[in-house]
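Given chain W's structure and the hints, the job is docking chains Z and S onto it.
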Amino acid sequence: MTTDLAILLVSAVLVAGVYATMSYGLALIFGVMKVINLSHAGAVMLGAYIAYVLIVGLRMNPFIATVLVVPPLFFLLGVLLERVFVRPVRKAPPIASLLLLFGVWLMMQNIAYIIWTGEVRTITTPYTMMRFKVGEVPINVNRLAVFLVGAITLLLLHQFMTRTYLGKAIRATAQDSTAAKLAGINTDQIDMVAFGLGTALAGMAGALTSLIYAFDPNFGGSYMLKSFCIVVLGGVESFLGVALGSLILALAEALSVLWIRAGMQDFVSFVVLIVALLVTPGGLPGLLQKRYAVRPR
Amino acid sequence: MRAARILVFLGVLILLVLIPVVGRGTYFQHLGFLTFLFIILSVGWNLVGGYAGQVSFGHVVFFGIGAYTTAILWLRGIPQLLTIPLAGIVAALYGLLWGWPCLRLRGPYFSIATIGVGEATRLLALNLENLTGGAGGLTLPTPEDIHFYLAGFYYLAFLLMVGSLLISAWVRNSRFGLGLFAIRMDEDAAEALGVHAFRYKILALLLSGFLVGLAGSLYAQYILYIDPGTVFGFSMSVNMILMPIIGGIGTLWGPVLGAVIFTVIQDRIMTLSLNLWGFSFKLVQFHLLVYGALLVLIILFEPRGLVGLAERVHRRISRWRQARAVIETAG
Amino acid sequence: MGVILEGKGVTKYFGGLAAVHNVDFQVQEGEIFGLIGPNGAGKTTLFRTIAGIYAPTSGRIFFRGQDITGLKPYVICRLGITTTHQVVRPFLEMSVLENVMVGASFGREWVTGETRDVRKEAMRVLEFTGLASKADVLARNLTLPDRKRLEIARALATRPTVLLLDEVVAGLNPTETLQTMQLIREIRDQGITIVMVEHVMQAVMGISDRIMVLNYGEKIAEGSPQEVATNPQVISAYLGTSHAL
Numbered sequence: 001m002t003t004d005l006a007i008l009l010v011s012a013v014l015v016a017g018v019y020a021t022m023s024y025g026l027a028l029i030f031g032v033m034k035v036i037n038l039s040h041a042g043a044v045m046l047g048a049y050i051a052y053v054l055i056v057g058l059r060m061n062p063f064i065a066t067v068l069v070v071p072p073l074f075f076l077l078g079v080l081l082e083r084v085f086v087r088p089v090r091k092a093p094p095i096a097s098l099l100l101l102f103g104v105w106l107m108m109q110n111i112a113y114i115i116w117t118g119e120v121r122t123i124t125t126p127y128t129m130m131r132f133k134v135g136e137v138p139i140n141v142n143r144l145a146v147f148l149v150g151a152i153t154l155l156l157l158h159q160f161m162t163r164t165y166l167g168k169a170i171r172a173t174a175q176d177s178t179a180a181k182l183a184g185i186n187t188d189q190i191d192m193v194a195f196g197l198g199t200a201l202a203g204m205a206g207a208l209t210s211l212i213y214a215f216d217p218n219f220g221g222s223y224m225l226k227s228f229c230i231v232v233l234g235g236v237e238s239f240l241g242v243a244l245g246s247l248i249l250a251l252a253e254a255l256s257v258l259w260i261r262a263g264m265q266d267f268v269s270f271v272v273l274i275v276a277l278l279v280t281p282g283g284l285p286g287l288l289q290k291r292y293a294v295r296p297r
Numbered sequence: 298m299r300a301a302r303i304l305v306f307l308g309v310l311i312l313l314v315l316i317p318v319v320g321r322g323t324y325f326q327h328l329g330f331l332t333f334l335f336i337i338l339s340v341g342w343n344l345v346g347g348y349a350g351q352v353s354f355g356h357v358v359f360f361g362i363g364a365y366t367t368a369i370l371w372l373r374g375i376p377q378l379l380t381i382p383l384a385g386i387v388a389a390l391y392g393l394l395w396g397w398p399c400l401r402l403r404g405p406y407f408s409i410a411t412i413g414v415g416e417a418t419r420l421l422a423l424n425l426e427n428l429t430g431g432a433g434g435l436t437l438p439t440p441e442d443i444h445f446y447l448a449g450f451y452y453l454a455f456l457l458m459v460g461s462l463l464i465s466a467w468v469r470n471s472r473f474g475l476g477l478f479a480i481r482m483d484e485d486a487a488e489a490l491g492v493h494a495f496r497y498k499i500l501a502l503l504l505s506g507f508l509v510g511l512a513g514s515l516y517a518q519y520i521l522y523i524d525p526g527t528v529f530g531f532s533m534s535v536n537m538i539l540m541p542i543i544g545g546i547g548t549l550w551g552p553v554l555g556a557v558i559f560t561v562i563q564d565r566i567m568t569l570s571l572n573l574w575g576f577s578f579k580l581v582q583f584h585l586l587v588y589g590a591l592l593v594l595i596i597l598f599e600p601r602g603l604v605g606l607a608e609r610v611h612r613r614i615s616r617w618r619q620a621r622a623v624i625e626t627a628g
Numbered sequence: 629m630g631v632i633l634e635g636k637g638v639t640k641y642f643g644g645l646a647a648v649h650n651v652d653f654q655v656q657e658g659e660i661f662g663l664i665g666p667n668g669a670g671k672t673t674l675f676r677t678i679a680g681i682y683a684p685t686s687g688r689i690f691f692r693g694q695d696i697t698g699l700k701p702y703v704i705c706r707l708g709i710t711t712t713h714q715v716v717r718p719f720l721e722m723s724v725l726e727n728v729m730v731g732a733s734f735g736r737e738w739v740t741g742e743t744r745d746v747r748k749e750a751m752r753v754l755e756f757t758g759l760a761s762k763a764d765v766l767a768r769n770l771t772l773p774d775r776k777r778l779e780i781a782r783a784l785a786t787r788p789t790v791l792l793l794d795e796v797v798a799g800l801n802p803t804e805t806l807q808t809m810q811l812i813r814e815i816r817d818q819g820i821t822i823v824m825v826e827h828v829m830q831a832v833m834g835i836s837d838r839i840m841v842l843n844y845g846e847k848i849a850e851g852s853p854q855e856v857a858t859n860p861q862v863i864s865a866y867l868g869t870s871h872a873l
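Chains as they are written, first to last, in the working numbering: chain W, 1 to 297; chain Z, 298 to 628; chain S, 629 to 873.
No lab work stands behind these hints: they were computed from the structure. All values derive from a computational prediction rather than experimental measurement. Each residue gets a CB set at the ideal place from its N, CA and C atoms; glycine is no exception. One or more hints might be untrue.
[Claimed, not checked] Here are the computed lysine to aspartate or glutamate pairs in the EDC-like style, where the Cα-Cα straight-line distance is at most 20 Å:
{"no.": "1", "chain 1": "W", "residue 1": "Lys34", "chain 2": "Z", "residue 2": "Asp483"}
{"no.": "2", "chain 1": "S", "residue 1": "Lys762", "chain 2": "S", "residue 2": "Glu721"}
{"no.": "3", "chain 1": "W", "residue 1": "Lys34", "chain 2": "W", "residue 2": "Glu237"}
{"no.": "4", "chain 1": "W", "residue 1": "Lys91", "chain 2": "Z", "residue 2": "Glu599"}
{"no.": "5", "chain 1": "S", "residue 1": "Lys700", "chain 2": "Z", "residue 2": "Asp483"}
{"no.": "6", "chain 1": "S", "residue 1": "Lys762", "chain 2": "S", "residue 2": "Glu737"}
{"no.": "7", "chain 1": "S", "residue 1": "Lys748", "chain 2": "S", "residue 2": "Glu737"}
{"no.": "8", "chain 1": "S", "residue 1": "Lys762", "chain 2": "S", "residue 2": "Glu726"}
{"no.": "9", "chain 1": "S", "residue 1": "Lys636", "chain 2": "S", "residue 2": "Asp695"}
{"no.": "10", "chain 1": "S", "residue 1": "Lys748", "chain 2": "S", "residue 2": "Asp764"}
{"no.": "11", "chain 1": "W", "residue 1": "Lys91", "chain 2": "W", "residue 2": "Asp176"}
{"no.": "12", "chain 1": "S", "residue 1": "Lys700", "chain 2": "Z", "residue 2": "Glu484"}
{"no.": "13", "chain 1": "W", "residue 1": "Lys168", "chain 2": "W", "residue 2": "Asp188"}
{"no.": "14", "chain 1": "W", "residue 1": "Lys91", "chain 2": "S", "residue 2": "Asp652"}
{"no.": "15", "chain 1": "W", "residue 1": "Lys91", "chain 2": "Z", "residue 2": "Glu625"}
{"no.": "16", "chain 1": "S", "residue 1": "Lys762", "chain 2": "S", "residue 2": "Glu804"}
{"no.": "17", "chain 1": "W", "residue 1": "Lys91", "chain 2": "Z", "residue 2": "Asp483"}
{"no.": "18", "chain 1": "W", "residue 1": "Lys133", "chain 2": "W", "residue 2": "Glu237"}
{"no.": "19", "chain 1": "S", "residue 1": "Lys762", "chain 2": "S", "residue 2": "Asp774"}
{"no.": "20", "chain 1": "S", "residue 1": "Lys700", "chain 2": "S", "residue 2": "Glu737"}
{"no.": "21", "chain 1": "S", "residue 1": "Lys700", "chain 2": "Z", "residue 2": "Glu599"}
{"no.": "22", "chain 1": "W", "residue 1": "Lys34", "chain 2": "W", "residue 2": "Glu136"}
{"no.": "23", "chain 1": "S", "residue 1": "Lys636", "chain 2": "S", "residue 2": "Glu846"}
{"no.": "24", "chain 1": "S", "residue 1": "Lys748", "chain 2": "S", "residue 2": "Glu726"}
[Stated by the list, open to error] Which residues of chain W face chain Z? A partial, calculated answer using Cβ under 7 Å:
{"no.": "25", "residue": "Val137"}
{"no.": "26", "residue": "Phe267"}
{"no.": "27", "residue": "Leu277"}
{"no.": "28", "residue": "Val279"}
Bound conformation, chain W alone:
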């Protein structure tokens, strides 16, 4: 019995890693620009396909492809998207950018469909089937690697946000864009960088996940919904909050298998999303803040 539980928990933690990596990009863009990036799913999906081209087509090392090649490519994509699509509607009501980026997502899906058809793809590497055991619990090397990359990303992001000038400028813009402008920060450029970075993270997440799961042009949609859930739970102030939210969601989904059938797991994330939206305007960190009436930072 405990072995089963241990397997469940380990699996949940590894899945949480995937969810978290998926969600950083969304959180960043929303935190800085207050824009809900519906093309996020498209970037994730394209990340998977680009990884496919690199690893299967060009026989590139999976690690190099997903971590070193995909992110810079998608950074450029993100910058392009921001300049062409998002910039013109910054002043319009938020629903405009929501619908616009949704349209971009639709286009991305179709482009993938045209180039690669609707066939379901998988990427198999020497690592795909490797596993080892910790006690009685089997751990798949691939999933562990993805989890580790996600964790390292979190660390690097944290360092970037707190130690570098650019990172601090991004945080400043996220907290108060007017004050940031007054402090001399070029918020237009920051927006561009944030969107680029967010898209890069999404692409990388897609590339990493393509090593574990099969994908087709519809890939990314259900993850995006979970990411919304996570971002709302974890708040947009910190990546740590995102990681925490991912863990909560993954655990909720894993434990829910005990009561409802496997096909309904996504249902859990939707319910959590709705509840999260209603209950936590600032994510869990915001809720805690309210509860303890701490002086506003």
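Chains Z and S in isolation, oriented as in the chain W frame:
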């Protein structure tokens, strides 16, 4: 000018009424039926998304609930036509269920929540097999005189379409509609003036859900087969957003225009292919691209859709006419 | 004539910060009641608490003796208290007339039996406030002074018993300020009680019957304009202690 417009209008009306008579069971009748349905969907969505400004990405739930209510009740022996108003009512009540928590959310948060509602409902339909027949869906009994039956539903859809337009027009000119427009533009300012925003939003959702539910009911009775993928699919929600946006969100005729154009495009896309550079492209591959590009172009350049475009052109023309008149009197 | 609006011990905390602390006030029916204080004194917070946008952390607010503490904004408007906004919020895609029609269609509950022609009511208000010639202009095309005027007109259309004006002359030049002050007097002459938050001293001093002064969320003075103007605590709050001596 006025007389000509009325004549054209009546002409179109007569044409529509005659189609089943002239072309029994033809392609045009089917296309007509679908167009009427899509107009109802589009007008229904517009009440919430256009008038009240609450953009719902999950409106398909009303369509599916309406379809399944009719199917389930009919299969259990309830008289077929009676299931129609029941479908609308059940759909509206479902709207009350999820609208009560979700309409407390503002703007994009509401929209995100509706995506969740749509998908959650689809999963429910997929998994509550005893009630809904699961992934296999429900098949409804074929009637004896199929042509007469389908023609009848053609007219029913036509009547419901007219009804939904009348309702939309009535809302526009009522105190209720004024409140909805105010809510769309600035919910807090509206509240400060005495508008009970939450109640109005719920009412709009109920009305919208009722209409879309009716459409779902008709769909089930015409196609005689429903499954979760079709009647609860996300793509239907997307279509319900696209149509009013293309035509002109928040206007009276915009959703109608958008629905007509959309149905035509859908139809053409499914069958046409393009011959370029020696390759033959089947257009159906591009439909997401087309819709995505339309959405992007409209939001970037003419957010008020075709109606907005028409108004702009109209203004240009009248300004040009004014300028000409001035020149002529001066010269 | 009696007390129409009253607050007892009104307190509003945001996190650990008291924006308004233990404020008592009484507004007499038919008067113009001014609310002043340095920036951040809590004036707008107090306003918003009365209007129902915030619920007070503690304390009570009464309207004609009825406890209205914590009621929602639309309820408070229906009872007869209407607020204007510091940063004006017209319905941009509607015309001036339509904006005012929203106020006329909603607002204070109609006494059963009164017939209403919303359009006529709206036009009447537009004429009263001098906006009749701009009735069909889209609100987004109005200048700031006209937008401020529209904000007042729209609020008037709700048939308020008490009108809360939040910095209605901010950003106006002296001529426009005088015109607005005259309009406010005319509104009061119609029997509407007015509570106004203001920074522009000439406006509020010249027009108010009584004034209350807030500083750091607390009431530091209350009385006639002359009394308040010569109150040393008030002077030091605005200019620093050295000037009071």
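Now for the hints, and whether the structure bears them out:
no., hint, in the structure
1, W:Lys34 with Z:Asp483, "holds (19 Å)"
2, S:Lys762 with S:Glu721, "holds (15 Å)"
3, W:Lys34 with W:Glu237, "holds (12 Å)"
4, W:Lys91 with Z:Glu599, "holds (15 Å)"
5, S:Lys700 with Z:Asp483, "holds (16 Å)"
6, S:Lys762 with S:Glu737, "violated (28 Å)"
7, S:Lys748 with S:Glu737, "holds (18 Å)"
8, S:Lys762 with S:Glu726, "holds (11 Å)"
9, S:Lys636 with S:Asp695, "holds (11 Å)"
10, S:Lys748 with S:Asp764, "holds (14 Å)"
11, W:Lys91 with W:Asp176, "holds (16 Å)"
12, S:Lys700 with Z:Glu484, "holds (13 Å)"
13, W:Lys168 with W:Asp188, "holds (15 Å)"
14, W:Lys91 with S:Asp652, "violated (42 Å)"
15, W:Lys91 with Z:Glu625, "violated (42 Å)"
16, S:Lys762 with S:Glu804, "holds (17 Å)"
17, W:Lys91 with Z:Asp483, "holds (16 Å)"
18, W:Lys133 with W:Glu237, "violated (37 Å)"
19, S:Lys762 with S:Asp774, "holds (9 Å)"
20, S:Lys700 with S:Glu737, "holds (15 Å)"
21, S:Lys700 with Z:Glu599, "violated (37 Å)"
22, W:Lys34 with W:Glu136, "violated (45 Å)"
23, S:Lys636 with S:Glu846, "holds (13 Å)"
24, S:Lys748 with S:Glu726, "holds (12 Å)"
25, Val137, "violated (30 Å)"
26, Phe267, "holds (5 Å)"
27, Leu277, "holds (6 Å)"
28, Val279, "violated (10 Å)"
The structure fails hints 6, 14, 15, 18, 21, 22, 25, 28 (numbered hints given earlier, in ascending order).
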